[in-house]
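Asks: Spelled out, the chains give:
There are 2 protein chains.
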Amino acid sequence: MTETPGTPAPRRRGRPARAAADGGPGARERIVAAARAEFAEHGYDKASIRGIARGAGVDPALVHHYFGPKEQVFAAAVEVVAAPVLEAPDIVLAGGRDEVGERLTRFFLGVWDNPVSRAPLLAVVRSAIANETAAAIFRDLLSTRLMARIADGLDIPDARLRAELAASQLVGAALLRYVIRIEPLASADVEQVVAMLAPAVQRHLTGE
Amino acid sequence: MTETPGTPAPRRRGRPARAAADGGPGARERIVAAARAEFAEHGYDKASIRGIARGAGVDPALVHHYFGPKEQVFAAAVEVVAAPVLEAPDIVLAGGRDEVGERLTRFFLGVWDNPVSRAPLLAVVRSAIANETAAAIFRDLLSTRLMARIADGLDIPDARLRAELAASQLVGAALLRYVIRIEPLASADVEQVVAMLAPAVQRHLTGE
Numbered sequence: 233m234t235e236t237p238g239t240p241a242p243r244r245r246g247r248p249a250r251a252a253a254d255g256g257p258g259a260r261e262r263i264v265a266a267a268r269a270e271f272a273e274h275g276y277d278k279a280s281i282r283g284i285a286r287g288a289g290v291d292p293a294l295v296h297h298y299f300g301p302k303e304q305v306f307a308a309a310v311e312v313v314a315a316p317v318l319e320a321p322d323i324v325l326a327g328g329r330d331e332v333g334e335r336l337t338r339f340f341l342g343v344w345d346n347p348v349s350r351a352p353l354l355a356v357v358r359s360a361i362a363n364e365t366a367a368a369i370f371r372d373l374l375s376t377r378l379m380a381r382i383a384d385g386l387d388i389p390d391a392r393l394r395a396e397l398a399a400s401q402l403v404g405a406a407l408l409r410y411v412i413r414i415e416p417l418a419s420a421d422v423e424q425v426v427a428m429l430a431p432a433v434q435r436h437l438t439g440e
Numbered sequence: 233m234t235e236t237p238g239t240p241a242p243r244r245r246g247r248p249a250r251a252a253a254d255g256g257p258g259a260r261e262r263i264v265a266a267a268r269a270e271f272a273e274h275g276y277d278k279a280s281i282r283g284i285a286r287g288a289g290v291d292p293a294l295v296h297h298y299f300g301p302k303e304q305v306f307a308a309a310v311e312v313v314a315a316p317v318l319e320a321p322d323i324v325l326a327g328g329r330d331e332v333g334e335r336l337t338r339f340f341l342g343v344w345d346n347p348v349s350r351a352p353l354l355a356v357v358r359s360a361i362a363n364e365t366a367a368a369i370f371r372d373l374l375s376t377r378l379m380a381r382i383a384d385g386l387d388i389p390d391a392r393l394r395a396e397l398a399a400s401q402l403v404g405a406a407l408l409r410y411v412i413r414i415e416p417l418a419s420a421d422v423e424q425v426v427a428m429l430a431p432a433v434q435r436h437l438t439g440e
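Here the protein sequences line up with chains A and B, keeping their order. Going by my numbering, the first residue of the first sequence is number 233, and it counts up by one from there. Going by my numbering, the first residue of the second sequence is number 233, and it counts up by one from there.
Worth double-checking, as some hints may not be accurate.
Chain copies aren't distinguished; within one or between two, either way the pair holds.
[What the hints assert, rightly or not] List of simulated lysine to any residue pairs, SDA-like, C-alpha gap at most 25 Å:
hint, residue 1, residue 2
1, Lys-278, His-296
2, Lys-278, Pro-431
3, Lys-278, Arg-262
4, Lys-278, Asp-372
5, Lys-278, Leu-373
6, Lys-278, Ala-293
Simulated from the structure, these hints should not be mistaken for laboratory data.
Looking at chain A on its own, in the form it has when it is part of the complex:
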């Protein structure tokens, strides 16, 4: 950290010459932002604490001080990246039960359809698919922060399993449409895709 409060500093390259011991104001947020960029560019395996520290303009020891080892830095980055998706339970549980499938499908595809929210999510998903440690972090987040909350709001048997099958429909559609880009799915109008997916999601969530 080389800036003083209230002084916008240019983007740093290389080792900072004079790093404040606490990284200065906003250091934690800068580290998380740098971690997102590092994991997105290099994937979980090749991302390094040193690279994250360099991107944030802080000493590597400070990254460890704030977050601990690499998996904890990844967890913090995933938390921020997944924030839009973690709103899903509120979407599901607000409003009429008959349109829950349509609301969740439109919300989820909306997040993926927007390149700004898609890019960091895709980076997280790629890391989780390639690396077991990243998968475990992603799984815990999905389980405790997303699936459990949705399931708790659905008063039906096997709610947790049903919520996961609904999620599997949406995750698979996002994968084939936005990552593998299989046609005609990749170029189909998003509202047509919503209309065709929503009944499947609805059926999983509420059993018809």
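Using the hints, position chain B against chain A.
Replies: Same frame as chain A, now just chain B:
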């Protein structure tokens, strides 16, 4: 595989000392097998023609002679790995239309439930998700060899798109169950999962 017919040979390490110019009998198959192992272990980006040649006990030039550049070697390996999944159109199109969703779901989950068929498939999927070139090869195979054939056999509007949405349900379920391993989906009885997924797949394929 490094042996010649009838002569069990020890697994070679390093550069082969006396490689036959044509790689000897079965060289093509040995190269594909070595390519599968190389891509599975290192991923598309880090896999090398040199490593594949070493694994097959042939000269790197022979790999290029048989297949061309790395993407063509990958395509050949994917072809072999995906062979079980490419039987899906026959499964879909044989037998009664009312059980097409159940047949396809049981077949697909059966391939993924078996560690022997799952491991190489997972390696291909990981490469396709991590690398654009690998994604294009995987996409072409899925499109021309799987989706087009299923769609051609379904006499309904938007058959191609419907087949892809059915596939997205199955791919997403495989991803969450076998790769991310989210619970309770990961530990659920496979027949329970088939019973819960089949109606969604059926609806996509035949519109109820």
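Asks: Take the hints in turn and mark each one as holding or not.
Replies: Here is what the structure says about each hint:
| no. | hint | result |
| --- | --- | --- |
| 1 | Lys-278 x His-296 | within (17 Å within a copy, 29 Å between copies) |
| 2 | Lys-278 x Pro-431 | neither (41 Å within a copy, 41 Å between copies) |
| 3 | Lys-278 x Arg-262 | within (20 Å within a copy, 31 Å between copies) |
| 4 | Lys-278 x Asp-372 | within (22 Å within a copy, 29 Å between copies) |
| 5 | Lys-278 x Leu-373 | within (22 Å within a copy, 29 Å between copies) |
| 6 | Lys-278 x Ala-293 | within (19 Å within a copy, 30 Å between copies) |
When held up to the earlier numbered hints, the structure conflicts with hint 2 and nothing else.
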